[in-house]
Amino acid sequence: MTQLTLSKAINAGLRRALEVDEKVVLMGEDIGKLGGVFRVTDGLQADFGPNRVIDAPLAESGMLGTAIGLAYRGYRPVVEIQFDGFIFPAFNQIITQISKMHARTRGAVKLPITIRVPFGGGIGSVEHHSESPEAYFAHTPGLRVVSCSNSQDAYTMIQQAIASDDPVLFFEPKRRYWSKGEVDQLAETEQPSMERAQVVNSGTDVTLVTYGPLVMTAKDAALAAADDGVSVEVIDLRSLSPIDFDTVAASVRKTGRLVITHEAQQFLGLGAEIAASITERCFDYLEAAPARVTGFDVPYPAAKLEEHYLPNLDRMLDAVDRVLGRRNSLSDWSHAS
Amino acid sequence: MSTIQPETSLSNHLHDERAIPTEPMVDGTSVPPGEASADFLQLLTPDGHRTPNADYDPWVADVDVASLVRLYEDHVVVRRIDTEAMHLQRQGQLGLWAPLLGQEAAQIGSARSLRSDDFVFSSYRENAVAYCRGVDFTDLMRVWRGNSHSGWDPYEINMAIPSVIIGTQALHATGYAMGCQFDGGDQVAIAYFGDGATSQGDISEAMVFAARFQAPVVFFCQNNQWAISEPVERQARIAIANRAPGFGIPSIRVDGNDVLAVMAVTRRAIERARTGGGPTFIEAVTYRMGPHTTSDDPTRYRNKEELDEWSVKDPIKRLEAHLSSMGALTDEVRAEVQAKADSVAAEVRAGTLGLTDPESLSIFDHVLSTESSWLERQKSQYSAYLDMFEGGAR
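Line by line, the protein sequences are chains A and B.
Residue numbers for the first sequence follow the numbering used here, beginning at 1 and rising by one.
Residue numbers for the second sequence follow the numbering used here, beginning at 338 and rising by one.
By construction, these hints were calculated from the structure, which means they are not laboratory data.
Heads up, a few of these hints could be off.
When the alpha-carbon atoms are kept at most 30 Å apart in a straight line, the in silico BS3-like pairs for lysine-lysine are as follows [said to hold, decoys possible]: (1) A:Lys110 to B:Lys716; (2) A:Lys33 to A:Lys23; (3) A:Lys100 to A:Lys110; (4) B:Lys677 to A:Lys100; (5) B:Lys716 to A:Lys254.
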């Protein structure tokens with residue numbers, strides 16, 4: 001076991017993937033000498049050379065389009081998108097080509113492309129640097145969408161994503177890049193599959209579902225709720241498409257109450273799908289309507305305003321109170337709609 | 338005859354990515370993008386006369402009479418299939434068809450220049466390329482009949498499933514070529530696209546990547562003058578071939594209705610790519626004599642005079658005139674070629690009519706490489722729903 005920051009854990013996972021499979025190539029803007037703007041690929045080009053850790057021309061569609069050609073040739077490209085909001089020039093290649101190729105060719109062509117996306121806010125950055133675009137991709141059949149929340153998952157899930165024969169959107173919680181955690185680098189195959197959700201805090205009163213950067217916040221919220229005598233079960237989804245509904249449903253059948261929280265906007269977000277699907281499956285078990293704690297349906301605001309946009313511990317606790325039918329100091333506000 | 342761009346040599350600087358062409362380019366900026374009577378390479382005039390060319394004759398020196406007859410057969414067979422497909426569509430047997438009428442030489446001349454282990458990335462009109470790669474046309478008809486989104490296994494014939502979204506495939510070809518380069522193979526990738534596609538950013542990005550990595554890729558642009566109803570003047574102010582040198586990629590403009598000239602420039606481009614010389618951009622000037630697809634009505638946007646003008650330059654007429662001038666187009670040859678074409682067309686028709694509809698629940702297949710419980714749930718629910726109908730609704 002070693003202590004690694006989340007970004008170092010991804011780095012270690014990428015290094016391992018480059019070591020075990022010579023067909024793995026990394027491509028991205030500034031990922032070579034600079035090591036990426038977040039230093040996630042630090043030192044990899046020096047050790048594996050410029051043909052395996054490729055500083056790409058500044059063109060996202062170009063990167064994903066050539067990644068398709070490389071994958072056709074038998075490579076496993078891992079493409080770094082510098083920031084969440086920069087992925088859209090590549091949207092066409094991802095949606096019209098990458099997601100559909102396997103079904104289009106009836107399984108003949110596999111595109112094992114991993115698309116690494118630092119995502120989410122909370123770093124006080126400028127426009128296009130703090131977004132959560134995961135729902136666009138989760139909406140599209142043929143893509144796997146995952147997000148890690150801790151160092152161990154970062155290390156193992158990036159390797160699982162690269163080893164997957166499917167294209168994988170790998171969302172990295174950029175504001176947690178510097179959070180440290182224990183990583184067991186020897187046992188990656190024994191780690192749970194990236195397809196499975198994980199219960200990261202056991203509880204009996206309310207199920208709080210989240211992923212990525214908010215897992216840490218949700219765990220803190222569960223601790224705070226416990227002080228107040230409320231037992232919150234926190235689920236880290238890990239896979240956003242497909243979603244491990246069995247794990248979520250099992251928890252909701254136990255607690256009878258569901259809160260979903262994510263940074264992405266609410267409208268047609270992951271929370272909407274989870275609320276609907278769990279309601280369909282667990283209607284008879286629900287004691288209250290599912291609640292969502294999300295970003296608002298506005299463009300991601302300027303840095304000085306992002307604290308009003310981002311779900312935080314108090315907003316999560318308020319939602320927990322609401323599904324429990326408990327009044328709190330915010331009740332007038334929270335019931336205003 | 339002059340080409341717009343001199344072929345600037347990159348071969349002396351194979352491993353130096355800074356080696357971009359530095360010689361001044363011949364000014365081709367006054368050539369309109371649709372111009373097709375000057376400033377391109379032509380080895381066979383429309384009346385079949387062979388024009389000598391010191392630079393390019395060596396590239397087709399091995400093309401003897403027998404080879405020309407085989408190329409002629411390709412042209413006739415492909416046009417015959419095209420005609421049959423138009424009929425099948427009009428008879429309600431195909432949902433849509435995108436005819437290649439008039440573009441046979443550009444496609445056959447280039448495709449017959451490839452090695453079987455080279456890899457093709459194309460758009461949806463490259464039916465002659467598919468023919469040259471050995472596609473079973475009944476499989477291709479699956480797509481146009483609406484049975485499937487793909488007609489073949491790309492790895493069996495080294496040709497990707499055509500891209501419908503314009504220009505995307507140029508990047509795929511470039512990436513594939515980068516892969517060839519990385520793993521030390523001497524295979525080459527070729528990207529087919531049209532004049533309309535050159536307005537797409539992906540074509541420009543493909544040239545950026547190809548030039549940056551000196552990837553072994555050939556960009557083969559068929560300037561067929563029309564992107565549905567928009568003439569090439571809507572896409573470009575000057576000849577399209579002029580763009581590539583700005584990316585550091587040598588380019589050449591060729592008479593796309595002259596199979597010999599197309600073959601010469603493609604062979605040269607492929608050889609350059611194969612030997613580490615990097616990408617080449619070819620603009621084959623041709624003409625889409627038919628509609629964009631069977632859903633299109635070209636009489637709304639272009640006149641008969643234009644069609645008449647281009648029909649004089651027809652690639653098959655030209656090849657026939659050339660073969661005749663050599664005494665090689667005997668009645669026997671004509672009859673044999675026609676018989677082959679008719680027989681292939683009959684096979685395509687029978688094959689198309691014999692296609693069985695896909696199984697309803699196959700819509701759930703191959704979404705991911707492994708089964709997902711999410712989709713299995715939808716599939717089983719829909720299956721149960723279908724079973725509720727008397728006699729089954731499948």
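Now for the hints, and whether the structure bears them out:
A hinted pair counts as satisfied when its Cα atoms are at most 30 Å apart, and A:Lys110 with B:Lys716 qualifies at roughly 22 Å. Annotation: proposed proximity of A:Lys33 to A:Lys23 holds, straight-line Cα distance about 21 Å (limit 30 Å). Our distance criterion of 30 Å between C-alpha atoms is met by A:Lys100 and A:Lys110, whose separation comes to about 10 Å. This hinted pair does not check out: B:Lys677 and A:Lys100 have alpha carbons roughly 37 Å apart, beyond 30 Å.
Distance hint between B:Lys716 and A:Lys254 is fulfilled; the C-alpha atoms sit about 28 Å from each other, no more than 30 Å.
The structure fails hint 4 only (numbered hints given earlier).
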